[in-house]
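Student: From first to last, the protein sequence lines are chains F and R. For the record, in the first sequence the residue sitting at position 227 is 227 according to my numbering, with numbers rising by one throughout. For the record, in the second sequence the residue sitting at position 266 is 266 according to my numbering, with numbers rising by one throughout.
Any given hint might turn out to be false.
To be verified - Listed below are several chain F residues computed to face chain R (Cβ distance under 8 angstroms; list not exhaustive):
| # | residue |
| --- | --- |
| 1 | N159 |
| 2 | F164 |
| 3 | L166 |
| 4 | S168 |
| 5 | A255 |
Unchecked claim - Restricting the straight-line Cα-Cα distance to at most 20 angstroms, the calculated cross-link-like pairs of lysine to any residue (SDA-like) are:
| # | chain 1 | residue 1 | chain 2 | residue 2 |
| --- | --- | --- | --- | --- |
| 6 | R | K85 | F | L252 |
| 7 | R | K174 | F | W173 |
| 8 | R | K128 | F | N159 |
| 9 | R | K174 | F | L166 |
| 10 | R | K174 | R | R274 |
| 11 | R | K174 | F | N159 |
| 12 | R | K236 | R | S249 |
| 13 | R | K205 | F | N165 |
| 14 | R | K85 | F | W173 |
| 15 | R | K174 | F | N165 |
| 16 | R | K128 | R | E172 |
| 17 | R | K236 | R | R274 |
To be verified - Cβ pair distances, simulated, as ranges:
| # | chain 1 | residue 1 | chain 2 | residue 2 | range |
| --- | --- | --- | --- | --- | --- |
| 18 | R | K128 | F | I77 | 22 to 32 angstroms |
| 19 | R | G93 | F | Y11 | 53 to 63 angstroms |
| 20 | F | L96 | R | A97 | 51 to 61 angstroms |
| 21 | F | Y11 | R | A97 | 47 to 57 angstroms |
| 22 | F | A109 | R | W265 | 53 to 63 angstroms |
| 23 | R | T189 | F | S8 | 20 to 30 angstroms |
| 24 | R | A153 | F | V239 | 45 to 55 angstroms |
| 25 | F | L252 | R | K174 | 30 to 40 angstroms |
| 26 | F | R247 | R | E81 | 46 to 56 angstroms |
No wet-lab data here; the hints were simulated from the structure. We put the beta carbon where it would ideally sit given N, CA and C, even for glycine.
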Amino acid sequence: MSAASLASNRYVPPALGLGSFVVVIALVELLIRVGLINRFIVPLPSEIVAAFPRVIVEEDVLQRFLLTAGEAFSASILVTVFGVAGGVLLYRYHLLRLATETWVAAVAAAPLVLMYPLYLVIFGRSALTIVMMGFSAGLAPIILKTLEGLMGTRRVLINVGRSFNLTSSQQFWKILFPAALPTIFVGLRLGLIFSLINIVGVEFLINFGGLGQLINELAERYDLPGTYAAICFVILVSVCVFIIMERLEQWLRPAN
Amino acid sequence: MAAVTTPSERVDPIAKGAPADAIMVVDEIVKRFESPDGVLTAVDHVSLTVAPGEFLGVIGPSGCGKSTLFNIMGGLLDGYEGTVKVAGDVVRGPHPAIGMIFQEESTFPWRNVLDNVAFPLEIEGVPKGQRYERARHFVRLVGLDGFERRYPAELSGGMRQRVSMARTLAAEPKILLMDEPFAALDEQTRLLLGDKVLQIQQELKQTTLLITHNITEAVQLSDRIVVMTYRPGKVKRIVDINLPRPRTSEIVSSEAFGRYVAQIWNDLREEASRGLQEQESQRLREGESR
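When you get a sec, could you build the whole thing from the sequences and use the hints?
Tutor: Now the structure itself:
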């Protein structure tokens, strides 16, 4: 059977992905057991798996998972709404774009997590601080990618809209927005990664709650298998956010 | 030999007054652009008329202002001298009586074939069931039945161009403007799509204006061909194509067809050489200035 026919099979690519993952984990286990990787830095994968029930039962992980997921979800909605709207504004108003685009790009590259003390002063030691940190970190890339997507809309598609006498609102919703969607979703993925990193990072730093705090506590207890197990739950939050994102994109642009 | 009119006979119909039944009148259009080398006149006092149901070809070398003229007639470009009238109305922007088919691939990649074709009906606010029914008719007309649920990415270039054509036809424009719609396609597909255009034009009695630089395509499809000069774009000659209708691509092998192609190439050769020389000198100048 050729590689192309295997790739077109619905089950083969995910099975291959899972198989590769298991092989890598088994390899890491082997390298630790033979002493090539220091087990005081990287715990045995089998120990991490064994730590899951303990972390779930003793560390109240479900509650923490829901808190982190809730913060990530709130920040996602905020960055999506304000980021896309910001990108549209910069596209619509040329002067605003010229005046601010460089600043927005600079903010996208800045380590905003360092501003958490300021956010603590403004919003207090609460989930709102964490959400706002996530929001601030994810906003700039979404604005920039939305702008890029709108500006990259092919001239001929805009002309098709004009030839059909579309109003500016129809031109936006029927042509510009759907044409820019793939690039906007690239921005959303980037923005949400930045948001999630900052959310878990600030949970870790301000010791407020959620998975970030759990990782901090377990690391301080030097419970390495537990720390890695908690990190797996952060990955689970990320997977959930990305599945929602993928479904949303599929719904908005079925052609993809 | 087929009758070929001379420039003196046909070049300036507007000055003598447009024919009463003309559906489109282009009168003394001049369009200038600012360029680093100064003001560039792209279109210079171009006048022409199109009769209802007529297929008019506009041919000229690259850079003769054909696409500029297309955009002016379609209402997509302003800031020009002269007037364009459609059924007596002065065109001041995109006009509902004009449908445009563009040179570049212009289907909406996020819509399937049926939704692409139904697009102008959706804009008009036609109810869903009715618009799909009408869209299906135009999908059949361009020979794409069975592909209604496919997305443009799943179609060939020729099929995508037919989707664009069906979408424009679905708006039921009085005049169809086509700007080199088959330029990106291979010669065989181009001839076959020419057949499809002829068949549709015969079926709908659609007034059509085709901008092209392809002589074969222009002769195959047109009732009259406007030959344009290289920059500034002026009307050099208007040639009547007295080939029998209904036509198919088989006509390209006829003797009369060959004579028309030769006649038009004679008119174009000088312009195309001038265009080529100017473009090469321009490149040289650009190279030296770097």
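Student: Each of the hints needs a verdict: does it hold here or not?
Tutor: Going down the list of hints, with the structure as the test:
{"no.": "1", "hint": "N159", "result": "holds (6 angstroms)"}
{"no.": "2", "hint": "F164", "result": "holds (5 angstroms)"}
{"no.": "3", "hint": "L166", "result": "holds (6 angstroms)"}
{"no.": "4", "hint": "S168", "result": "violated (13 angstroms)"}
{"no.": "5", "hint": "A255", "result": "holds (4 angstroms)"}
{"no.": "6", "hint": "R:K85 with F:L252", "result": "violated (41 angstroms)"}
{"no.": "7", "hint": "R:K174 with F:W173", "result": "violated (27 angstroms)"}
{"no.": "8", "hint": "R:K128 with F:N159", "result": "violated (25 angstroms)"}
{"no.": "9", "hint": "R:K174 with F:L166", "result": "holds (18 angstroms)"}
{"no.": "10", "hint": "R:K174 with R:R274", "result": "violated (36 angstroms)"}
{"no.": "11", "hint": "R:K174 with F:N159", "result": "holds (19 angstroms)"}
{"no.": "12", "hint": "R:K236 with R:S249", "result": "violated (27 angstroms)"}
{"no.": "13", "hint": "R:K205 with F:N165", "result": "violated (24 angstroms)"}
{"no.": "14", "hint": "R:K85 with F:W173", "result": "violated (31 angstroms)"}
{"no.": "15", "hint": "R:K174 with F:N165", "result": "holds (15 angstroms)"}
{"no.": "16", "hint": "R:K128 with R:E172", "result": "holds (17 angstroms)"}
{"no.": "17", "hint": "R:K236 with R:R274", "result": "holds (14 angstroms)"}
{"no.": "18", "hint": "R:K128 with F:I77: 22 to 32 angstroms", "result": "holds (31 angstroms)"}
{"no.": "19", "hint": "R:G93 with F:Y11: 53 to 63 angstroms", "result": "holds (54 angstroms)"}
{"no.": "20", "hint": "F:L96 with R:A97: 51 to 61 angstroms", "result": "violated (38 angstroms)"}
{"no.": "21", "hint": "F:Y11 with R:A97: 47 to 57 angstroms", "result": "holds (55 angstroms)"}
{"no.": "22", "hint": "F:A109 with R:W265: 53 to 63 angstroms", "result": "holds (58 angstroms)"}
{"no.": "23", "hint": "R:T189 with F:S8: 20 to 30 angstroms", "result": "holds (28 angstroms)"}
{"no.": "24", "hint": "R:A153 with F:V239: 45 to 55 angstroms", "result": "violated (28 angstroms)"}
{"no.": "25", "hint": "F:L252 with R:K174: 30 to 40 angstroms", "result": "holds (36 angstroms)"}
{"no.": "26", "hint": "F:R247 with R:E81: 46 to 56 angstroms", "result": "holds (54 angstroms)"}
In this structure, the earlier hints numbered 4, 6, 7, 8, 10, 12, 13, 14, 20 and 24 are contradicted, and the remaining ones agree with it.
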